[in-house]
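**Q** If you count by our numbering, then the sequence shown holds residues 1 to 133, one letter each, in order.
There's no promise every hint is true.
Computed list of lysine-lysine pairs in DSSO-like fashion (alpha-carbon distance at most 30 Å, straight line) [unchecked claim]:
1. 51 - 93
2. 51 - 3
3. 129 - 93
4. 113 - 51
5. 3 - 99
6. 3 - 129
7. 95 - 113
8. 98 - 113
9. 51 - 99
10. 129 - 99
11. 98 - 129
12. 12 - 98
13. 99 - 113
14. 3 - 113
15. 93 - 3
16. 51 - 95
17. 129 - 95
18. 113 - 129
19. 51 - 98
Distance ranges between label pairs, derived from CB positions [unchecked claim]:
20. 49 - 104: 36 to 42 Å
21. 129 - 23: 20 to 26 Å
22. 127 - 52: 16 to 22 Å
23. 104 - 18: 54 to 60 Å
24. 109 - 52: 51 to 57 Å
25. 66 - 2: 17 to 23 Å
Since the hints were derived computationally from the structure, they do not count as laboratory data. Note that CB positions come from ideal geometry on N, CA and C, so glycine has one too.
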Amino acid sequence: MSKVSYPAVFHKENVGYWVEFPDLPGCFTQGDTLEESFRMAIDALVLYLDKNDELFDRIIPQPSSADAVIGNYPDECVMLVPVDSLEYARQHKTKAVKKTLSIPEWLNDLAMKENISFSSVLQEALIEKLLHK
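Work the whole structure out from these sequences, hints included.
**A** In structure tokens, the structure reads:
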């Protein structure tokens with residue numbers, strides 16, 4: 001699930017807004033302005049949908065239609081919050097992760113002689129294989 005939009009309800013407070021995603025139990029955020037609340041909603045949504053570190057699988061429901069949510073919250077501001085989880089990961093999950101790999105000795109010798117960066121080659125190959133199918 002790379003690109004998806006979920007409806008969010010923006011509740012006006014005395015100071016700022018708090019935001020909930022009716023389809024996603026426990027997915028809340030807040031902000032001082034509507035614009036900040038929308039940016040925070042994107043972060044909350046993409047983090048909620050990221051299941052990579054979970055021990056147990058959980059079901060993520062399909063998003064409701066905005067009209068259905070508006071019908072349940074007629075006095076609130078309802079907006080679709082779009083996320084592209086792959087693009088978000090590219091921007092925010094940039095920490096290097098060490099990997100151990102095995103290659104034939106002759107290939108290692110040749111690459112070392114040519115001063116080839118194994119990390120760069122692996123990254124380029126993975127990007128080509130996974131993103132440019």
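**Q** Hints the structure violates: just list their numbers, smallest first.
**A** 4, 12, 14, 21, 24
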